[in-house]
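Asker: In case it helps, this note's numbering puts the sequence shown at residues 109 to 196.
To be clear, the hints were calculated from the coordinates, so they are not data collected in a lab. Worth double-checking, as some hints may not be accurate.
[Unchecked claim] Per label pair, the in silico range of CB-to-CB distance:
1. T182 x R140: 17 to 25 Å
2. P193 x N166: 45 to 53 Å
3. F165 x K190: 20 to 28 Å
4. T182 x S161: 17 to 25 Å
5. T157 x I136: 21 to 29 Å
6. D110 x A181: 38 to 46 Å
7. W111 x R139: 32 to 40 Å
8. T144 x D110: 38 to 46 Å
9. T157 x W121: 15 to 23 Å
10. I131 x D110: 25 to 33 Å
11. G113 x T153: 27 to 35 Å
12. A120 x A191: 43 to 51 Å
13. L134 x V109: 26 to 34 Å
Where is the CB? At the ideal position from N, CA and C, for every residue including glycine.
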Amino acid sequence: VDWTGEFIFAVAWLVIVLSGGAIVLLYIMIRRAAATRVASLFYLTPAVTAVMSYLLFNEQLGLAALGGMALCATGVLLVNWKAEPAAN
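Work out the full structure: start from the sequences and follow the hints.
Answerer: In structure tokens, the structure reads:
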């Protein structure tokens, strides 16, 4: 590894700003919503990454990837679904 100023800045940016910012946002979201609902959003991370890769780098999305995205999105939707209270 060549320890240049650019490399050190990039690592610091990744560790402090991105990771630290993500943790702070996670705690804010948990404070405002149920932890189960917030944690369910982590299942969307691979799908968002795959879509970004498709848009930015022309990566191909196979049928299995699209099916997995749909399955994860359905699961997150079901976890976050607000059911109507039952009538007595």
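Asker: Now tell me if each hint is right for this structure.
Answerer: Checked hints:
no.: 1; hint: T182 x R140: 17 to 25 Å; verdict: holds, 24 Å
no.: 2; hint: P193 x N166: 45 to 53 Å; verdict: holds, 48 Å
no.: 3; hint: F165 x K190: 20 to 28 Å; verdict: violated, 37 Å
no.: 4; hint: T182 x S161: 17 to 25 Å; verdict: holds, 22 Å
no.: 5; hint: T157 x I136: 21 to 29 Å; verdict: holds, 22 Å
no.: 6; hint: D110 x A181: 38 to 46 Å; verdict: holds, 41 Å
no.: 7; hint: W111 x R139: 32 to 40 Å; verdict: holds, 38 Å
no.: 8; hint: T144 x D110: 38 to 46 Å; verdict: holds, 44 Å
no.: 9; hint: T157 x W121: 15 to 23 Å; verdict: holds, 18 Å
no.: 10; hint: I131 x D110: 25 to 33 Å; verdict: holds, 29 Å
no.: 11; hint: G113 x T153: 27 to 35 Å; verdict: holds, 31 Å
no.: 12; hint: A120 x A191: 43 to 51 Å; verdict: holds, 45 Å
no.: 13; hint: L134 x V109: 26 to 34 Å; verdict: holds, 30 Å
Hint compliance for this structure: hint 3 is the single one not met.
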